[in-house]
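The lines below spell out each chain.
There are 2 protein chains.
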Amino acid sequence: MRYIAVFDHFLRQDHRDQITRIAGELGFSVTYCTTVDDLPESERGRYEVLYGNPGPEILHLFPNLKWVCVSSAGVDRHVDDALYPNPDVILSNSTGSYGVTISEHVLMMALMLLRQMPAFQEAAREHRWHGPLPTRSIFGSRVTMLGTGDIGTAVARRMKALGAVSVTGVRRTLRPADPAFDRIITFRELDEVLPETDILVSALPHTAETAGVLSRERIGLLPGGAILINVGRGTALDQAALMDALRSGHLAGAALDVMVPEPLPADHPLWTTPNLLLTPHISGNMSLDHTCDVDVDFFCEDLERFARGLPLLRAVDRKRGY
Amino acid sequence: MRYIAVFDHFLRQDHRDQITRIAGELGFSVTYCTTVDDLPESERGRYEVLYGNPGPEILHLFPNLKWVCVSSAGVDRHVDDALYPNPDVILSNSTGSYGVTISEHVLMMALMLLRQMPAFQEAAREHRWHGPLPTRSIFGSRVTMLGTGDIGTAVARRMKALGAVSVTGVRRTLRPADPAFDRIITFRELDEVLPETDILVSALPHTAETAGVLSRERIGLLPGGAILINVGRGTALDQAALMDALRSGHLAGAALDVMVPEPLPADHPLWTTPNLLLTPHISGNMSLDHTCDVDVDFFCEDLERFARGLPLLRAVDRKRGY
Chain A
1 MRYIAVFDHF LRQDHRDQIT RIAGELGFSV TYCTTVDDLP ESERGRYEVL
51 YGNPGPEILH LFPNLKWVCV SSAGVDRHVD DALYPNPDVI LSNSTGSYGV
101 TISEHVLMMA LMLLRQMPAF QEAAREHRWH GPLPTRSIFG SRVTMLGTGD
151 IGTAVARRMK ALGAVSVTGV RRTLRPADPA FDRIITFREL DEVLPETDIL
201 VSALPHTAET AGVLSRERIG LLPGGAILIN VGRGTALDQA ALMDALRSGH
251 LAGAALDVMV PEPLPADHPL WTTPNLLLTP HISGNMSLDH TCDVDVDFFC
301 EDLERFARGL PLLRAVDRKR GY
Chain B
1001 MRYIAVFDHF LRQDHRDQIT RIAGELGFSV TYCTTVDDLP ESERGRYEVL
1051 YGNPGPEILH LFPNLKWVCV SSAGVDRHVD DALYPNPDVI LSNSTGSYGV
1101 TISEHVLMMA LMLLRQMPAF QEAAREHRWH GPLPTRSIFG SRVTMLGTGD
1151 IGTAVARRMK ALGAVSVTGV RRTLRPADPA FDRIITFREL DEVLPETDIL
1201 VSALPHTAET AGVLSRERIG LLPGGAILIN VGRGTALDQA ALMDALRSGH
1251 LAGAALDVMV PEPLPADHPL WTTPNLLLTP HISGNMSLDH TCDVDVDFFC
1301 EDLERFARGL PLLRAVDRKR GY
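Protein sequence lines correspond, in order, to chains A and B.
Under the working numbering, the residues of the first sequence are numbered 1 to 322, in order.
Under the working numbering, the residues of the second sequence are numbered 1001 to 1322, in order.
This is chain A alone, in the form it adopts within the complex (with noise of 0.2 Å):
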């Protein structure tokens, strides 16, 4: 017998049979634990897979590792190789769970700024019947999105269909990607694009490169009256510049579910900065019953490929970081 420990914080108890009954006809069995102190430390040793949320901290205490399979997309907390007990270990993460998530929040976010929904909120608290103000729609809007990944093309698509009139996808090196971007272009063409941008998304992973990426100079270049909506992570931006540009008045909104540091703290500026929408990252995460299902299904298809030794469809460059 094989054994696999599941970090259990986000399954429903259908989700515990399925990979319960696929486990068991692949050879293994599972434990659900919520902590590693649900683990007798002498039992350790036989677990060769970790599927959830396991910390980084804790893998080095289980010698025998082979896989660790996480349910976020993100995995900047687990790339360190010092982490785990021997550098062949592999890791896994759950892309392709979040676009759906993920790219309803974007949209959310890009039509309460440009439909400034917000002061119409304020206007609601004080039982205030506000008058029309200006409003902007996705609708024949330029976006252009950093990442063009699962989440990536998942917004790409959304606004497509809602009419954007070119939606630009922005990545490391140019490959093929989904139809609804109109073009592809590489961060060394993104100076370009910028100035041209009404709606401009972030879904970028930290990595080395992508840290700083929303440069002060960057967010100078898009148009007056643009919008910046971040759901990857917090690092690619200048907090302090977007801080400016949203005083400014040069952006006309912004929308961050990521930030740094998170949680923010009661007296970071960012909490007061005008036309910013703040969301303690929660776009992606497990509070949708979709992003489960799906999750669980792209363990059991890499549970299955693992058995029989081909490589993983979701295996993650610990070096390139994503």
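Hints in this document: simulated from the structure, not taken from any laboratory.
Glycine is no exception: its CB is placed at the ideal position from the N, C-alpha and C atoms.
Take these hints with a grain of salt, some might be off.
With the Cβ distance kept under 8 Å, some of the chain A side facing chain B (calculated, not the full set) [said to hold, decoys possible]:
no., residue
1, Y32
2, H105
3, L111
4, A119
5, R136
6, S137
7, I138
8, F139
9, A161
10, P179
11, I185
12, F187
13, S287
Stretches of chain B that chain A covers, calculated by requiring three or more beta carbons in the stretch to come under 8 Å of a beta carbon on chain A [unchecked claim]:
no., region
14, 1103-1111
15, 1133-1141
16, 1256-1267
Starting from the structure of chain A, add chain B where the hints point.
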């Protein structure tokens, strides 16, 4: 020379130039005014055509009026024959101008309610990092759309593009509709689909038939956790029943852009109903440039037909009410 008066509350200079040019080619002279007082009484007899938002109370002041084109989609204030100098005056509306802006409003409201955005906004106002909350998605939802005209169709297309599992259109009589609707039913079958509706949207005009159509009984037929969005006319909805359904938690949320009365008085209980997003009848109107562009195009299109004695494309049946 024939004469047109345009009640000009939303036109840009390029719109005026467009109207003046096309009207001129057809033998019309155009006067742009803000209110009827800008038109000398002695000259009112010359105007055959009024466009824009001429109030219903002034129509009888134009003895030789032949056509009134309102820049709105709703015509409830203009359907009484007694308002007109004679019953042969044609009334037309601007249906088709509002699909983009109102459908984006509907998506925004649906996403804000499904994703519990107001709770995150309240936490953000208090500089508080809120934990995740259960979230739902348009993806996989069952949508019932009351009204299958321009607005209903624009909503249906967007809901399908976002992965709604079914979009049912409800209308007065069975007629072919846009393929974005999975099926079309009449109001006689409405009670059967309500229990299978996650997102109920009304874009119904005010008519004798639509008044009160969203009754207490029908709100009760919606499944627990459903959401309701009204962008048509407030008279369609039993507001007291809606408030009860939100207070009891039977409905997860609602968004009203239209209500009775408008403007809503500061002491009205709708303002303090939980999980209710209120906007001051701004989902349509002229706050989106695209709306104004299409509105003017439509007027010019029908002006050409009027000049040639052809039936107008957006003529309203005043008896039917739309």
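Practice task
State the violated hints by number, sorted upward, taking the hints as numbered earlier in the document.
Solution key: 1, 4, 10, 11 and 12
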